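Chemist: Those protein sequences? They're chains A and B, same order as listed. The letter at position 21 of the first sequence is residue 21 when you use the UniProt record's numbering, and the numbering goes up by one with no holes. The letter at position 95 of the second sequence is residue 95 when you use the UniProt record's numbering, and the numbering goes up by one with no holes.
Hints are computed from structural coordinates only; laboratory data are not their basis. Treat the numbers as computed from the prediction; the structure is a model and nothing was measured. The beta carbon of each residue, even a glycine, is placed where N, CA and C say it ideally should be. What you were told as hints is all true, and nothing was included just to trick you.
Residues from chain A shown here face chain B by an in silico Cβ test under 10 angstroms; the list is partial:
(1) A19
(2) L22
(3) L34
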Amino acid sequence: MTTSTLPFNDLERVYELLAEALDDLPEAQETPFLAQLALALAHRIPDLSEVEAAIREARRASEDAGK
Amino acid sequence: MRPAGRAESDSLYFDYPYFPFVRPPELDGETPRHRVAIVGAGPVGVTAALELARHGIDCVVLDDKATVNDGSRAICLSRHSLEILQQLGVDRRFVAKGLGWTRGRTYFRDREIYRFEMPHSDQERFLPMVNLQQQYIEQFLIERAMESERVTLRWQSAVSGVTQDADGVTLTVSTPEGDYALACDYLLAADGARSVVRKALGLALHGEAYEGRYVIADVRLKSDFPTERRAFFHSAALPEATILVHKQPDDIWRIDYQLGPDEDPEAAVREEAIRDRVGLIIREVMQERGDWELEWWSLYKAHTLALDDYRHGRVLFIGDSAHLVPIFGVRGLNNGLADAVNAGWKLAWVLQGRASARLLDSYTPERRGATLDVFANAGKSTRFMTPPSRGYRLMRDAALALALDNDYASPFADPRQVTPYTYAESPLTLADRDAFAAGPRPGAPLINRRLGDDDFLLDYLGTGFSLLLFGEASPELAAALGDHPELRVLHLGVEDSALGRALPGDAALFAAYGAEPGSAYLVRPDRHLVARWKRPTAADLNDALNTVLGDARP
Numbered sequence: 001m002t003t004s005t006l007p008f009n010d011l012e013r014v015y016e017l018l019a020e021a022l023d024d025l026p027e028a029q030e031t032p033f034l035a036q037l038a039l040a041l042a043h044r045i046p047d048l049s050e051v052e053a054a055i056r057e058a059r060r061a062s063e064d065a066g067k
Numbered sequence: 001m002r003p004a005g006r007a008e009s010d011s012l013y014f015d016y017p018y019f020p021f022v023r024p025p026e027l028d029g030e031t032p033r034h035r036v037a038i039v040g041a042g043p044v045g046v047t048a049a050l051e052l053a054r055h056g057i058d059c060v061v062l063d064d065k066a067t068v069n070d071g072s073r074a075i076c077l078s079r080h081s082l083e084i085l086q087q088l089g090v091d092r093r094f095v096a097k098g099l100g101w102t103r104g105r106t107y108f109r110d111r112e113i114y115r116f117e118m119p120h121s122d123q124e125r126f127l128p129m130v131n132l133q134q135q136y137i138e139q140f141l142i143e144r145a146m147e148s149e150r151v152t153l154r155w156q157s158a159v160s161g162v163t164q165d166a167d168g169v170t171l172t173v174s175t176p177e178g179d180y181a182l183a184c185d186y187l188l189a190a191d192g193a194r195s196v197v198r199k200a201l202g203l204a205l206h207g208e209a210y211e212g213r214y215v216i217a218d219v220r221l222k223s224d225f226p227t228e229r230r231a232f233f234h235s236a237a238l239p240e241a242t243i244l245v246h247k248q249p250d251d252i253w254r255i256d257y258q259l260g261p262d263e264d265p266e267a268a269v270r271e272e273a274i275r276d277r278v279g280l281i282i283r284e285v286m287q288e289r290g291d292w293e294l295e296w297w298s299l300y301k302a303h304t305l306a307l308d309d310y311r312h313g314r315v316l317f318i319g320d321s322a323h324l325v326p327i328f329g330v331r332g333l334n335n336g337l338a339d340a341v342n343a344g345w346k347l348a349w350v351l352q353g354r355a356s357a358r359l360l361d362s363y364t365p366e367r368r369g370a371t372l373d374v375f376a377n378a379g380k381s382t383r384f385m386t387p388p389s390r391g392y393r394l395m396r397d398a399a400l401a402l403a404l405d406n407d408y409a410s411p412f413a414d415p416r417q418v419t420p421y422t423y424a425e426s427p428l429t430l431a432d433r434d435a436f437a438a439g440p441r442p443g444a445p446l447i448n449r450r451l452g453d454d455d456f457l458l459d460y461l462g463t464g465f466s467l468l469l470f471g472e473a474s475p476e477l478a479a480a481l482g483d484h485p486e487l488r489v490l491h492l493g494v495e496d497s498a499l500g501r502a503l504p505g506d507a508a509l510f511a512a513y514g515a516e517p518g519s520a521y522l523v524r525p526d527r528h529l530v531a532r533w534k535r536p537t538a539a540d541l542n543d544a545l546n547t548v549l550g551d552a553r554p
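Please work from the sequences and hints to get the whole structure.
Modeler: Written out as structure tokens, the structure is:
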């Protein structure tokens, strides 16, 4: 677990910002946009193991949702 | 709407009362002057009438119907609303008939991903939420109003015109036996979303209408599933629709489901369409195997719309006539009841000359402030329940998928249920001078505390202003209280008291209020806090009462 994380209110703001950014893009650009965003965010996290944990969480959620 | 062959009042569980037309004196040439007229005998209008009556003000309530609401509609009463009903002396029937609850569950792709629990403890008299069909809510309030000598209910009386001048308001009322003019000092418009009073004054609601439409349907079904709020996202049976399920008394279940963006609402509310969709939800989503009967249904569209000003001269708008809010979070009825009480006590105190007319200026900032707070929360809830676009839908499903295994994403699935609004910015509220480590802050409603078996702090509030006094008061304050006989003093943590009602108060109660010996909380008739002090002086108390009541005080 991380020692410091984004407060939920800010996470909620991110949710809304992303929803609006996605709506501004053509649907075909969604996946590249999200992959670029993931790299840009990872660059700001100084600990590789944190990024790896986030990849595992997202992957697990995708697998669960696909069941 | 009801199934084919059944009249609007032909319910599986509720016997609709019939309220006859009674010829009023105005139709026989008399011209009585009413202090307050209320348009609309729904839950908000009748609550306002009972609040006025509680403060000793007579009123007349007009409604075009001859019975109560056609369907269950607003079914969730919050604890704050039950505390209002307690002050009106009607809470027992609501608690006895209603189904109380504290919990809810969220499902994503038919798997439970989140359970929420609303704040509750043995310090509370009421559960955080009680489910009760709106017909019962109206019936219990109306029967209480019929017992009151101060409330006159005029059924089958439709208001068709409203004019006002500096001295009063005149209504044109249409009845089965002809039209008449009704004159009053003040008018409360509780006539709902399609308010006639609002139109007559040429006023419009402003705000947004969301895209999502919902069908709300009631069925009778025997099931042991407990009273909880269930929300289903992306179910296998109806992947595109968000579904909400609530239990109501008399084995009635409320099923709300979202319509797709391309669905024709007229086709969706035909009986066969309702039966198909509801049947699928009962079997596949709720996993119920028993027989069910269709009771009633309606179509619903989410709005965040409000008047710019809730008061226009001698007309005050309360409930849906002033604001329309999305259903998610159960704020429509609960905020309407708070409007009714806020307008009711202020009007009573002004009419009795116990407060200056400026007290009414605080109605809009307090209650429109509450509406704007609802909009901020309900807007988020609505975008979650009914994503308005591809981007919002993608983010919603991403948050739900992460919430399966990660607690940090669970709060996205929280229903953000109604909480009472704090009038922190109100002209009637005094900001803290002293530092309190706990307790309701100025503008917030009082919190309850258990004093004994079936015995709670809020049970002792008076009809007017109350002062919670913790332990021994300073001699100066004690002497000053003699100048405020109208103030009901609840003296906590003392054996007996010359200043007011002595009540038990242990260290835990003092701690919950952040109080020390000598601390005091000044409370309005609607349980909201005006001010609090660690060591109040006579001048503190006097200034606070002057802030609220102005210079009209005797």
